[in-house]
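Listed below, chain by chain, are the residues.
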Amino acid sequence: KQEVTQIPAALSVPEGENLVLNCSFTDSAIYNLQWFRQDPGKGLTSLLLIQSSQREQTSGRLNASLDKSSGRSTLYIAASQPGDSATYLCAVRNNAGNMLTFGGGTRLMVKP
Amino acid sequence: EAGVVQSPRYKIIEKKQPVAFWCNPISGHNTLYWYRQNLGQGPELLIRYENEEAVDDSQLPKDRFSAERLKGVDSTLKIQPAELGDSAVYLCASSLDRRTEDTQYFGPGTRLTVL
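Sequence lines, in order, name chains A and G.
Those letters in the first sequence? Residues 26 to 137, by the working numbering.
Those letters in the second sequence? Residues 152 to 266, by the working numbering.
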């Protein structure tokens, strides 16, 4: 059974800092990995999707990397802003089906 | 384009009462998912529909939970009777079809509190 772990569970940084969120998964037989953002009281918004054959994806100040063999992904946020404050979730989709397995999330607070 | 719509947004009930959640997916999306998200955790899949057929319901507690997707569009998730441990956010998502590369679009969720 796939298990996804995110570290740290919570993070508080001053505005402007570069930061890294970590995600690890136990079964490397994945189709893709996705990073989501969740604001309080709202649903999930997809940020980046990395196919199993890819090593990284970039969107604006966000960069996600994937090392499938070691079961790890990182989300890099450059020059963080207060508007980046949210919970960030990673999810993997396994070869065995269409199901997404989520990590527990990292709650990010960026202080002005 | 309208996103995934869910109602109600919040629901407070006493234990042993029934409750129902409604989801309207994005127009044209054949696949619909119901997830449960406990506080401080990631969402967990309860059931997935391909059109009107439930194709993955292995995580749905069938003794008290039921779901339907009549006509392959809107869906309803029901709990009867509710227990204290059912307090969570219930998220609905939809995707164009079941291909693994398809992005799932999530609704805002229904926050259930069972007293």
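Careful, some of the hints might be misleading.
What the hints assert, rightly or not - Result set (PhoX-like, lysine-lysine): computed pairs, CA atoms no more than 25 Å apart in a straight line:
(1) G/K167 to A/K26
(2) G/K162 to A/K67
(3) A/K26 to G/K162
(4) G/K213 to G/K166
(5) G/K213 to G/K229
(6) G/K162 to G/K229
(7) G/K229 to G/K167
(8) G/K229 to G/K166
(9) A/K67 to A/K136
Unchecked claim - Covered by chain G, according to a simulated footprint, are these stretches of chain A (three or more residues, beta-carbon under 8 Å):
(10) 85-98
(11) 127-135
For the record, the hints were derived by calculation from the structure and aren't laboratory data.
Nothing here was measured: the structure is a model prediction, and the numbers come from that model.
Idealized CB from N, CA, C, for every residue including glycine.
We went through each hint and held it up to the structure:
Restraint check for G/K167 and A/K26: the C-alpha separation of about 32 Å exceeds 25 Å, so the hint is violated. The straight-line distance between the Cα atoms of G/K162 and A/K67 is roughly 15 Å, inside the 25 Å bound, and the hint therefore holds. Under the criterion of a C-alpha separation no larger than 25 Å, the hint pairing A/K26 with G/K162 is inconsistent with the structure, at around 32 Å. For the proposed pair G/K213 and G/K166, the alpha carbon gap of about 18 Å is at most 25 Å, so the pair holds.
Between G/K213 and G/K229 the alpha-carbon distance is near 10 Å, which keeps this suggested pair within the 25 Å criterion. A distance of roughly 13 Å separates the Cα atoms of G/K162 and G/K229; the hinted pair therefore holds under the 25 Å criterion. Distance hint between G/K229 and G/K167 is fulfilled; the C-alpha atoms sit about 13 Å from each other, no more than 25 Å. At roughly 14 Å between alpha-carbon atoms, G/K229 and G/K166 fall within 25 Å of each other, so this suggested pair holds.
Among the hinted pairs, A/K67 with A/K136 is consistent with the structure: their alpha-carbon atoms are about 21 Å apart, no more than 25 Å. Counting residues of the segment 85-98 of chain A whose beta carbon lies closer than 8 Å to any beta carbon of chain G gives 0, which falls short of the minimum of three for the stated coverage. Proximity of the segment 127-135 of chain A to chain G, defined as three or more residues with a beta carbon under 8 Å from a beta carbon of that chain, is established by the 4 residues found.
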